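Each chain, written out:
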Amino acid sequence: MALRPIKNLKEFSTANERLEGAHLLCPGCAHSMIVRELMNATDDNLVIATNTGCLEVSTAVYPYTSWDTSWIHIGFENAASAISGAEAMYKARKRKGTLKDPDAPVKFVAFGGDGSTYDIGFQWLSGAIERGHDFTYICLDNEVYANTGGQRSSSTPVGASTTTAQAGRVSYGKKEKKKDIVAIMAAHGAPYVAQVAPNKWKIMAKVFQKALETEGPCFINTVSACTTEWKFDPKNTIEVTDLATDTLIFPIYEIVNGTELNILYRPKKVLPVEEYFAAQGRFKHLFKPENRHIIDQIQKDVNERWEYLQRREEARV
Amino acid sequence: MSKGVLATPKRGIRELGAEELVGWDEVTQGTILETFETEVDNVAHIRPEERPYSDFSSYTATVASWRVIKPVYNRDICIDCQHCWVWCPDTSIVSRDKQMLGIDYDHCKGCGVCVEVCPTNPKSLLMFAEAEEPEVALTKWPEKKKKEK
Ligand code: SF4
Ligand code: SF4
Numbered sequence: 101m102a103l104r105p106i107k108n109l110k111e112f113s114t115a116n117e118r119l120e121g122a123h124l125l126c127p128g129c130a131h132s133m134i135v136r137e138l139m140n141a142t143d144d145n146l147v148i149a150t151n152t153g154c155l156e157v158s159t160a161v162y163p164y165t166s167w168d169t170s171w172i173h174i175g176f177e178n179a180a181s182a183i184s185g186a187e188a189m190y191k192a193r194k195r196k197g198t199l200k201d202p203d204a205p206v207k208f209v210a211f212g213g214d215g216s217t218y219d220i221g222f223q224w225l226s227g228a229i230e231r232g233h234d235f236t237y238i239c240l241d242n243e244v245y246a247n248t249g250g251q252r253s254s255s256t257p258v259g260a261s262t263t264t265a266q267a268g269r270v271s272y273g274k275k276e277k278k279k280d281i282v283a284i285m286a287a288h289g290a291p292y293v294a295q296v297a298p299n300k301w302k303i304m305a306k307v308f309q310k311a312l313e314t315e316g317p318c319f320i321n322t323v324s325a326c327t328t329e330w331k332f333d334p335k336n337t338i339e340v341t342d343l344a345t346d347t348l349i350f351p352i353y354e355i356v357n358g359t360e361l362n363i364l365y366r367p368k369k370v371l372p373v374e375e376y377f378a379a380q381g382r383f384k385h386l387f388k389p390e391n392r393h394i395i396d397q398i399q400k401d402v403n404e405r406w407e408y409l410q411r412r413e414e415a416r417v
Numbered sequence: 007m008s009k010g011v012l013a014t015p016k017r018g019i020r021e022l023g024a025e026e027l028v029g030w031d032e033v034t035q036g037t038i039l040e041t042f043e044t045e046v047d048n049v050a051h052i053r054p055e056e057r058p059y060s061d062f063s064s065y066t067a068t069v070a071s072w073r074v075i076k077p078v079y080n081r082d083i084c085i086d087c088q089h090c091w092v093w094c095p096d097t098s099i100v101s102r103d104k105q106m107l108g109i110d111y112d113h114c115k116g117c118g119v120c121v122e123v124c125p126t127n128p129k130s131l132l133m134f135a136e137a138e139e140p141e142v143a144l145t146k147w148p149e150k151k152k153k154e155k
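Residue numbers (this note's numbering), protein chains in the order written: chain A, 101 to 417; chain B, 7 to 155.
Same shape as in the complex, but just chain A (with noise of 0.2 Å):
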């Protein structure tokens, strides 16, 4: 077990990359952010699989891989499923003695989208869970499935303008809420749970550690800001990130065996959501008057939300 010292930027910047560049993901798209740190968090071996989604077709376009790392897809929805046999057929050689190299650390990581995460690969994922294989599995959560053209998925939230749920005259968007897939989750059991965003790199690291370090299913919701999708700037990747945790749109939290849970990021000024709905031009038809009660509500849902996670902090159940 190595993980990498992420004392300060200075230090983890010692870690050697093993995503290559020249994957085709967009220009400041927030994927390969998270998987670089995912990975630049560990010196451990580490066995990878990814859903179909935006980063799986990113990085693995033939003739080239942009992996450096034992890395398998299979499927749309059964990166779980693919972790898990992986996961099982390691302890079996364990346990046989054939492995070449029995005393190497390894660890076992599965990537996949909201798409694939809250959706297609939903039961795989329970299943996995269920079963309690040691891996660590990472929703990069960008609310849309972005790589087929920017289809509404259950993690869309409410407001927000798809190809398949189209802001208009009559519509202001999504209108159903999205899951909870962090409280789902942990109401699995699954000894560790949280929610992360790449802005706040020292708290994702951790996270990603304390996942890797911990023995069973590990599951950790990502924010991914699409440049594409949502309709940002490129350049702005980290500073609509930072609008989502300040906002409290994305709350940074974990949650331990399924009832512990802990705020890990608490903004000093917490903003008001219509400044993260004003940069991106997915939620532009909020600002219309007839879509302003829209934004109240959701305003209300947020500070709610806030409320229950603190109350449940403290509460300890």
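Hints are computed from structural coordinates only; laboratory data are not their basis. Everything numeric in this text was worked out from a predicted model, so none of it was measured. We treat Cβ as the ideally placed atom computed from N, Cα and C, and that holds for glycine. Careful: at least some of the hints might be erroneous.
[To be verified] In the EDC-like style, the derived pairs of lysine to aspartate or glutamate whose C-alpha atoms are separated by at most 20 Å in a straight line are: (1) 191(A) x 234(A); (2) 400(A) x 276(A); (3) 107(A) x 86(B); (4) 107(A) x 103(B); (5) 200(A) x 45(B).
[Claimed, not checked] Just a few of them, taken from the derived set where beta-carbon distance is under 10 Å, the chain B residues facing chain A: (6) 80; (7) 82; (8) 97; (9) 142.
Based on the hints, put chain B with the ligands in the right spot on chain A.
Same frame as chain A, now just chain B with the ligands:
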């Protein structure tokens, strides 16, 4: 191999145990792309410049043609904070021994994130037109900005 252009695959895939290379449309479902020419132990302990990348690694490819603007780096102002390193989505900030060395223009897509997160005043990274020579760009660096009151 020289830096290849993406999507011009003149090479083939070697199926497990096979001698011959086959094309993408002939390969058995289930493909293995070998990142390295030779077996490597744990790449986390090997610096990128010392790794035996094969032609299959995107390290050997370039996306330089995606750029219309590019970041230029000014060593004189840089404080080696590594913000640009941690947030570059394209593994294009080269840092060694806690020092920022420069930009890998083969892999940089010109997104501009590194410039936005650079905290110095003036910034140690600025965007310039792709055609601008970095040496010329450095002569056009702005002065330190006074704090607005
Ligand atoms: S412009 Fe973007 S891709 Fe290029 S070095 Fe800066 S952050 Fe990396
Ligand atoms: S962000 Fe700016 S100051 Fe910090 S290491 Fe990069 S170039 Fe230097």
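Hint by hint, here is what the structure shows:
1. 191(A) x 234(A): Holds, at roughly 10 Å.
2. 400(A) x 276(A): Holds - the C-alpha atoms of residue 276(A) and residue 400(A) are around 16 Å apart, at most 20 Å.
3. 107(A) x 86(B): Given that 20 Å is the threshold and the Cα spacing comes to 15 Å, the pair holds.
4. 107(A) x 103(B): holds, 15 Å
5. 200(A) x 45(B): holds, 13 Å
6. 80: violated, 18 Å
7. 82: Constraint on residue 82(B) not satisfied, violated at 19 Å.
8. 97: holds, 4 Å
9. 142: violated, 22 Å
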